[in-house]
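S.K.: Build the full structure now, drawing on both the sequences and the hints.
There are 2 protein chains.
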Amino acid sequence: MSDQAKASSSSKLFLRALAGETLATPPIWLMRQAGRYLLEYRETRKQAGGFLDLCYTPKLAVEVTLQPIRRYGFDAAIMFSDILVIPDGLGQKVWFEEGVGPLLEPVTDLEALKKLDRSRVLGHLAPVMETLKGLKASLPSETALIGFAGAPWTVATYMVGGKGSPDQGAAKAWAYRDPDGFQVLIDLLVDVTGDYLEAQVAAGAEVLQLFDTWAGSLPARQFRRFCLEPVKRLRARLKKSCPDIPVIAFPKGAGAGYETYFRETGVDAVSFDTSVDPVWAADRLQPLGAVQGNLDPLLLVAGGSEMDRAIDHLLETLGSGPFIFNLGHGIVPQTPPEHVGQLVDRVRGKK
Amino acid sequence: MSDQAKASSSSKLFLRALAGETLATPPIWLMRQAGRYLLEYRETRKQAGGFLDLCYTPKLAVEVTLQPIRRYGFDAAIMFSDILVIPDGLGQKVWFEEGVGPLLEPVTDLEALKKLDRSRVLGHLAPVMETLKGLKASLPSETALIGFAGAPWTVATYMVGGKGSPDQGAAKAWAYRDPDGFQVLIDLLVDVTGDYLEAQVAAGAEVLQLFDTWAGSLPARQFRRFCLEPVKRLRARLKKSCPDIPVIAFPKGAGAGYETYFRETGVDAVSFDTSVDPVWAADRLQPLGAVQGNLDPLLLVAGGSEMDRAIDHLLETLGSGPFIFNLGHGIVPQTPPEHVGQLVDRVRGKK
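Just so you know, the sequences run in chain order A and B.
The numbering of the first sequence is numbering that gives the first Met the number 0, which starts it at 0 and goes up by one.
The numbering of the second sequence is numbering that gives the first Met the number 0, which starts it at 0 and goes up by one.
The set of hints was computed from the structure by calculation and includes no laboratory data.
Every residue gets a Cβ at the ideal spot worked out from N, C-alpha and C, and that includes glycine.
Errors might be hidden in some of the hints.
Said to hold, decoys possible - Facing chain A, according to a computed beta carbon distance under 7 Å, are these residues of chain B, among others: (1) Lys92; (2) Glu96; (3) Ser164; (4) Gly168; (5) Lys171; (6) Ala219; (7) Ala255; (8) Thr273; (9) Ala301.
M.R.: Below, the structure is given as structure tokens:
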């Protein structure tokens, strides 16, 4: 039986859409669906010390992953973790400050890079695999399990910058002054991310998503070299080692570049951000595979008729091809949980 | 003589490119070319109290506008001002804090909107017209004079949010909950921006640029209503009142939407950001008119062979149509002034 035939016979809508099937009701999940907008998340969060402790305590990570599944019956659960566990696993100092976000001891040259250790990553990230095993055992049979990692370019921006930044200036400075040195960091990330994603599949992940939040910041040539090519290499490796596992990529902000990226990386689906016109996505992206997106998270905060209209427009525009309903970016903390319920009902034709 | 024939016979390269002419050497100017990367700017800046005082003191504003022309001989000078002079002119409280950026007393509902007064704007902004007249009298004959304003959507994000924000959340909240109320603000901005730009032309501006920094944050439907349509209306008004004056728009982050925007607004040129592939711009945008862009400002900071390669790629890719060399966003304070000199020389074939 071919992969597509296997997926099409699956009871999991999410896997069927990823295999290219057009469904009467598209599957739905939301980026950052386990998060601060949920009271029960905030309660569980208190039981962990730091944010990384929550990621590394399988019992708690399983619990917060399941919370939105219990509430809304999403078609997919995404393991609770963070894209910065990779630098943490490599031995770079990473910590989260309340109200500030992630901070890292910056890695800005080859000397600092030498201190990172690929061999310790999988041992350090063993708790993530425990989380996946726990989820595998507890998820409803119709719910798909998503593993994920940050894409190399985006993880590199944090590793080099030591924090989030509006212009990714530090990583660009290295990439522009010394592209071959910066390539060493990217290559390390391709390798270690491959190790990590393969381990996730071994632990039960059925789908993998690569988050490339800062894909939109690079000019064309560097976009190709440091953003598209690494994902293409990762995709090729996973195609060999885990041929049945679909890969979704989210090159946020790639604009017209989404099309080239989708075509050339060989991923099974792209997640597209709020700025992309769904009509354009139906025309240029959906012929290449499944697409996932792109309700504005702030329309979900606002609710009401503007949200309903946007939901309906997405369903009409993308419903005649393989489509996964999602947001254009992560759900935000101020989202009223009842709006999420209304969204799910509307997508499933219940109101 | 037609507009195009008039512009083509002009000695100003910048006007010839805007009229659709392909030039052996494209004109060049840089967004924010009068700014903190220049020692002489920092010196002049000290003579003004607040940042708005600098904008409203014609002698100083003329001086800082001329500084980069003296140093580099750019093909165009852009009057020194800020997009927030419009809310300031309307009577909204606006101030700039060192290291923080602009702050405004937020306008978040129709009640607050009623307190704004379109009739005081041109009086309040009379110093800007003095600046333009001063520039007209002092610019070299080959240098074009650019006036500008913020586009309605982008100015609205600041007026509603009270400051810059990564997600334009406050303006979106209003636009999504009460689109017809928010439209009143947009309509006011279309009117007052039209008044302001016409006054700039009367004072000597030869080209107008509309800055729409946050064009990339809206979903398709709201992008059309609050971003594209207002610019289209402004363009139509100016076409009647100032038929000889070309308009450039910069809908930053519009992605594949640049094409629709260019086609439908009727502007003469679009400025495109760093994330846009120049090959795509040559293919999809340049057939519609002149294009302006898009060297990464951080490549200009880095300099060296990566910068040179990017410059050459832009010249090769866009040189066979109407093209204005510029950055993908404003020049940043840490730019070494000698890199700007190298850029200008390279574009002009001098090294």
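S.K.: State for each hint whether it applies.
M.R.: Each hint, compared with the structure:
Restraint check, Lys92 (chain B) versus chain A: the minimum CB separation of about 25 Å is more than 7 Å; hint violated. For Glu96 (chain B), the shortest C-beta to C-beta distance to chain A is roughly 18 Å, which exceeds 7 Å, and the interface hint is violated. With a least beta-carbon distance of about 11 Å to chain A, the hint placing Ser164 (chain B) at the interface is violated under the 7 Å criterion. With 7 Å as the threshold, the beta carbon of Gly168 (chain B) comes within range of chain A, its nearest partner Cβ sitting at about 6 Å, so the hint holds.
At about 4 Å, the closest approach between the beta carbon of Lys171 (chain B) and any beta carbon in chain A falls short of 7 Å, and the interface hint on this residue holds. The beta carbon of Ala219 (chain B) is positioned within 7 Å of a beta carbon in chain A (closest approach about 4 Å), and the interface hint is therefore held. Proximity of Ala255 (chain B) to chain A holds as hinted, the smallest CB-CB distance being about 4 Å (cut-off 7 Å). Nearest Cβ of chain A to the Cβ of Thr273 (chain B): about 5 Å, under the 7 Å cut. The hint holds.
At its closest, the beta carbon of Ala301 (chain B) sits 4 Å from a beta carbon of chain A; the interface hint therefore holds under the 7 Å criterion.
In summary, the structure is inconsistent with hints 1, 2 and 3 from the numbered list given earlier, while agreeing with the others.
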